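2 protein chains.
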Amino acid sequence: MPETIKLATYLFKRLQQQGVDSIHGVPGDFNLTLLDYVVPAGLRWVGSANELNAGYAADGYSRIKGIGAIVTTFGVGELSAINAIAGAYSERAPVVHIVGVPSRPMQENRILVHHTMKDGDFTRFAQAQALFTVAQERLWDPRTSAEQIDEAIRQCLHHSRPVYIEVPVDMVSAQVSAERLAQPLQLIQHEPTRNQDRLITRVLDKIHTAKKPIILLDGESRGLGIVEAVQNLSKSTGWPTYVTGFAKGLLDETQPNFHGIYKGRFGEDASANFFKDADLILCFGPHFSTTNSYGNAALPNPQTTISFSHNETIFQNQVIRDAPAKYLVPKIIQCVDTAKAKEVYAIYPDLPRDITIPFSEVPADAPLTHDRLWKVVGNFLRPGDILMGETGTSSYGSRIVPLPLHARYFTHVTWLSIGYMLPAAQGAAMATQELIKASKLDSIKNSRTFLFIGDGSFQMTTQELATIVRHNLDVIVVLVNNNGYTVERCIHGKDEVYNDISAWNYLKAPAFFGAGDDSYTATARTFGELEKVFDDEKLKDGQGLRMVEIFLDRDDAPNGPLFDYMEVQKAGNGILQEKDEDA
Amino acid sequence: MPETIKLATYLFKRLQQQGVDSIHGVPGDFNLTLLDYVVPAGLRWVGSANELNAGYAADGYSRIKGIGAIVTTFGVGELSAINAIAGAYSERAPVVHIVGVPSRPMQENRILVHHTMKDGDFTRFAQAQALFTVAQERLWDPRTSAEQIDEAIRQCLHHSRPVYIEVPVDMVSAQVSAERLAQPLQLIQHEPTRNQDRLITRVLDKIHTAKKPIILLDGESRGLGIVEAVQNLSKSTGWPTYVTGFAKGLLDETQPNFHGIYKGRFGEDASANFFKDADLILCFGPHFSTTNSYGNAALPNPQTTISFSHNETIFQNQVIRDAPAKYLVPKIIQCVDTAKAKEVYAIYPDLPRDITIPFSEVPADAPLTHDRLWKVVGNFLRPGDILMGETGTSSYGSRIVPLPLHARYFTHVTWLSIGYMLPAAQGAAMATQELIKASKLDSIKNSRTFLFIGDGSFQMTTQELATIVRHNLDVIVVLVNNNGYTVERCIHGKDEVYNDISAWNYLKAPAFFGAGDDSYTATARTFGELEKVFDDEKLKDGQGLRMVEIFLDRDDAPNGPLFDYMEVQKAGNGILQEKDEDA
Chain U
1 MPETIKLATY LFKRLQQQGV DSIHGVPGDF NLTLLDYVVP AGLRWVGSAN ELNAGYAADG
61 YSRIKGIGAI VTTFGVGELS AINAIAGAYS ERAPVVHIVG VPSRPMQENR ILVHHTMKDG
121 DFTRFAQAQA LFTVAQERLW DPRTSAEQID EAIRQCLHHS RPVYIEVPVD MVSAQVSAER
181 LAQPLQLIQH EPTRNQDRLI TRVLDKIHTA KKPIILLDGE SRGLGIVEAV QNLSKSTGWP
241 TYVTGFAKGL LDETQPNFHG IYKGRFGEDA SANFFKDADL ILCFGPHFST TNSYGNAALP
301 NPQTTISFSH NETIFQNQVI RDAPAKYLVP KIIQCVDTAK AKEVYAIYPD LPRDITIPFS
361 EVPADAPLTH DRLWKVVGNF LRPGDILMGE TGTSSYGSRI VPLPLHARYF THVTWLSIGY
421 MLPAAQGAAM ATQELIKASK LDSIKNSRTF LFIGDGSFQM TTQELATIVR HNLDVIVVLV
481 NNNGYTVERC IHGKDEVYND ISAWNYLKAP AFFGAGDDSY TATARTFGEL EKVFDDEKLK
541 DGQGLRMVEI FLDRDDAPNG PLFDYMEVQK AGNGILQEKD EDA
Chain V
1 MPETIKLATY LFKRLQQQGV DSIHGVPGDF NLTLLDYVVP AGLRWVGSAN ELNAGYAADG
61 YSRIKGIGAI VTTFGVGELS AINAIAGAYS ERAPVVHIVG VPSRPMQENR ILVHHTMKDG
121 DFTRFAQAQA LFTVAQERLW DPRTSAEQID EAIRQCLHHS RPVYIEVPVD MVSAQVSAER
181 LAQPLQLIQH EPTRNQDRLI TRVLDKIHTA KKPIILLDGE SRGLGIVEAV QNLSKSTGWP
241 TYVTGFAKGL LDETQPNFHG IYKGRFGEDA SANFFKDADL ILCFGPHFST TNSYGNAALP
301 NPQTTISFSH NETIFQNQVI RDAPAKYLVP KIIQCVDTAK AKEVYAIYPD LPRDITIPFS
361 EVPADAPLTH DRLWKVVGNF LRPGDILMGE TGTSSYGSRI VPLPLHARYF THVTWLSIGY
421 MLPAAQGAAM ATQELIKASK LDSIKNSRTF LFIGDGSFQM TTQELATIVR HNLDVIVVLV
481 NNNGYTVERC IHGKDEVYND ISAWNYLKAP AFFGAGDDSY TATARTFGEL EKVFDDEKLK
541 DGQGLRMVEI FLDRDDAPNG PLFDYMEVQK AGNGILQEKD EDA
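Chains U and V, in that order, are what the protein sequence lines are.
Each residue of the first sequence is one higher than the one before, counting from 1 in the UniProt record's numbering.
Each residue of the second sequence is one higher than the one before, counting from 1 in the UniProt record's numbering.
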């Protein structure tokens, strides 16, 4: 008789094989027995304060480790997480969402059980989840369940997007094949075609004849698994290399040909003109939402761009379907004549780079302002650190901070759900801790996660500070207190009550959330104070959660779209007048 | 030319006419211009810390005032609220969910805007919301929008369930008929039928010939608008009257013929036997989920029960469709021969009632335990107060507390989403404040909202304490610290790590959330300490938020299903052993 194992064991061990070492989630009565198998499978149970936060954390974890997973309970739990799942879909974060659901007999008998609409319909939640996942598996039959799990994980990795697995209570301990688990998960394979071979030749021809080429990396490259290839291309050719906001943190920013984020008219003229004059822009993993493209200002010229996506290549306006980046990009890069490519920029163009300025260049008593703040943040960073900027002023601001080697960075670029970043920081810090433990983060032995987060965002998901404390993660939270939703004030209603928030005593957070009264907290209102705080050994070399509250003017925004919007708001709020007519 | 007003004004004024005086929600870039019209329409903007909390709060508000409303933003905002909306659907709380969505041209041109999946599809979120609402209106045409708003609100009130309204940014200031707003909203009308008249006669015949009748009120009665009629029936007949957990707080519990919640075998034998012997059980607004019916233990005998629902009457096992309670119940009760009915119980049966015991009957140094705790809580309550027990031990425990006149009570009975109660308490307290201000809560001048909430639940939505503080609501939070998810420990995994939570310093919450360092906090571990705390003037007659942390044993549960489950858990956890096989 072939050996069998329990379904739950299969599920968790299979996830572990793909790199999941911690499961986020919240217990609920339909997933309790399932959770019995998490720790025995060798995984860590995180236990977030709520399911939305668990979902955000798994997303953050997946952006560092390449896959994440959450377990929620039927109805109440999974619906609370759905915004996080939709965000993972939008921004291609590979998260496996496992839901413990009522037993098969309970469902088949349409029992009017709790966590339902009390109408015998058990399908509504799965219908909702299907809108935001690339695969859905309902494990109803032990004979097919292991294969279904494999298929879900396969789709998750293939699309780098969330999938949904329902585990009925009575299926948790169903027996499935142990032999299958011993075989590595079969990923989706690629079948080369003649069309693709022709395309490779055409692209190489363009590369080898280009006079002014640019490399532009966007964030979908992460899920496509082509970042390393592009990094090699950038290094071997020495061609000017840019990223988008979505891709920041994926490339080595210490390289001399790295020029930060391409921002179109929101960046410096030299870069914008260089893009205009380019005769070839190699664009990898494009993700041109209006926000990631700076309101379409940073779209590369389609006439000169070849872009490589999940399953299509756009060759200077010609869309070639079924030409996947994952297959093509490494092939192409492998064949580049690097000696020839290197000759293209015999004289390297004069292009701007993001810079860090020393504190000595800023008056110590100058109040913190966005125009200077992000230029000094780089002083604090070390190799291997993670920098994160929450949606809003911190996201835009943090994009100009040059990163040291092996540092990582991410921010929402399209989903823009405020509140995301604190749980995501927890997930990212935990993922990094695991990578270091497994010696998978080069030679990095320590990594601090720096989160810059606005007050309004912080209020949304504040309780995840407790998860950071509980797991003693190396996280420095910089609370940007600017008195409300400044990002919304930039857009509309600068002085309106709905953009105000309640007044918290933010630095009481660590003690409240269990960090102990001696937990490190500090305040900074000026650049001098900021320098002092970040030079404090208890902050820079401390353990666990550290928290710093910095104060910025309510209506201050970093250069870029938000700054421009705010200028319009400051010039006069047309809506207020219009509103009065009906009042 | 007929007078017109802006669409947003129409919407908010229409809501105000139905009793909405405060709008919960969170700003987002697609609802900002919409929010400009909230305060000018005479409404209060609440500004919750996140959208799930806003949804829960609007639900709590609606249970006190008969309608509630939230405004969220497209995608990220509305999805965060969806669990609350689904809960409102499940438990028939009438909440109008208004979502600010991208402009019509933006949608029609499939712009790859933020808060989307970046695929030009703007319909996904509405599809998800449609699963949990009874009406959905997309305001796309000024000529029909006012009517669509009316229809949504009408359906919301008719079903006492949530509805969904999408307002594109460019529709906010569209002009609609002012005249329409001057006419009261037309509610769904009832057309009497001969069938229904015959049914009235049949029911009256049963009522007039009953020898052992019982009145049983369930919670759907609230949305059906029949509570007052049933209260009159109970008073005028003097018949023994019971409620379910869902209906607790709707009737006057000081009446001599009120006997609390019918719990079947989980209650006292005298009540269970009385139900068995009854020859007529008049059941109003039944909601027999497994949880509200104590695992089906408290279902009235179908042979002797006539139950009145939204659109059907079940006459002793015969289902009569299109026989709505809202029409039938007042008609029937009006025609009851009360003189005759009063004679039925010439000798009133000896039936148990919930009681409050004085503190003098409990040793002052006895540690707090569920078996006694809920019997002393009644000592604290005053007429007009609200008592709330969060899902878990507090929900089951609080159900036996006898309520003074005009006191209100509610708890989740089917949706059971932990975390619901703190925001719901905020909403309920605010609604009550408004009722008092409008002299609509009888002669009540003050009302305190007592929330008993477990530590695990509290962690889910803790930030709404700040909203309570910000609006200076009269709320007493009793944090039941029992070291984790005791409700889950009762069900499975008593000692498992996944039922643990992070250790917070709960009483630091008020100061953290802005209540000021002098905000009232206290601790109680024994009954003596509890008495002292609740007798403290600063607590009982204080202002704004007060918070008390009480300690209960991790594995203690109130009598009822949870206690029984815990006994099974204590007897030995079979799963642990089974689990080891694979480990």
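Calculated from the structure, these hints are not laboratory results.
This structure is a prediction, so every number in the text was calculated from the model and none was measured.
Please note that a few of the clues may not be correct.
Which copy is meant is left open, so a pair is good if it fits within one copy or across any two.
[To be verified] With a cut-off of at most 30 Å between alpha-carbon atoms, the simulated DSBU-like pairs for lysine-lysine come out as follows: (1) K13 to K276; (2) K494 to K540; (3) K342 to K206; (4) K445 to K211; (5) K538 to K340; (6) K13 to K494; (7) K508 to K538; (8) K331 to K13; (9) K212 to K340; (10) K342 to K437; (11) K340 to K440; (12) K212 to K235; (13) K375 to K340.
Quick rundown of the hints versus the structure:
1. Taking the closest pair of Cα atoms, K13 and K276 never come within 30 Å of each other, the shortest separation being 50 Å inside a single copy and 52 Å across copies.
2. Taking identical chains as interchangeable, the C-alpha atoms of K494 and K540 are never at most 30 Å apart, the minima being 36 Å within one chain and 40 Å between chains.
3. Within a single copy, K342 and K206 get their C-alpha atoms as close as 15 Å, which meets the 30 Å cut-off; across copies the closest is 97 Å, which misses it.
4. Taking identical chains as interchangeable, the C-alpha atoms of K445 and K211 are never at most 30 Å apart, the minima being 42 Å within one chain and 82 Å between chains.
5. For the identical chains of this complex, K538 and K340 are neighbours neither inside a copy (51 Å) nor across copies (82 Å), given an alpha-carbon limit of 30 Å.
6. In this assembly of identical chains, the alpha carbons of K13 and K494 lie at most 30 Å apart only when taken from different copies (24 Å versus 51 Å within one copy).
7. When the C-alpha separation of K508 and K538 is checked against a cutoff of 30 Å, the pair qualifies both within a copy, at 18 Å, and between copies, at 24 Å.
8. When the C-alpha separation of K331 and K13 is checked against a cutoff of 30 Å, the pair qualifies neither within a copy, at 33 Å, nor between copies, at 63 Å.
9. Proximity of K212 to K340 under the C-alpha cut-off of 30 Å is restricted to the intra-copy arrangement: shortest distance 13 Å within a copy versus 100 Å between copies.
10. Taking the shortest alpha-carbon separations for K342 and K437, neither the intra-copy value of 38 Å nor the inter-copy value of 78 Å comes in at or below 30 Å.
11. In the homo-oligomer, the alpha carbons of K340 and K440 never lie at most 30 Å apart, since the shortest distance is 34 Å inside one protomer and 84 Å across protomers.
12. For the homomeric pair K212 and K235, the shortest alpha-carbon distance inside one copy (16 Å) is at most 30 Å, but the shortest distance between copies (90 Å) is not.
13. Proximity of K375 to K340 under the C-alpha cut-off of 30 Å is found in neither arrangement, the shortest distances being 36 Å within a copy and 87 Å between copies.
Checked against the numbered hints listed earlier, the structure breaks hints 1, 2, 4, 5, 8, 10, 11, 13; every other hint is satisfied.
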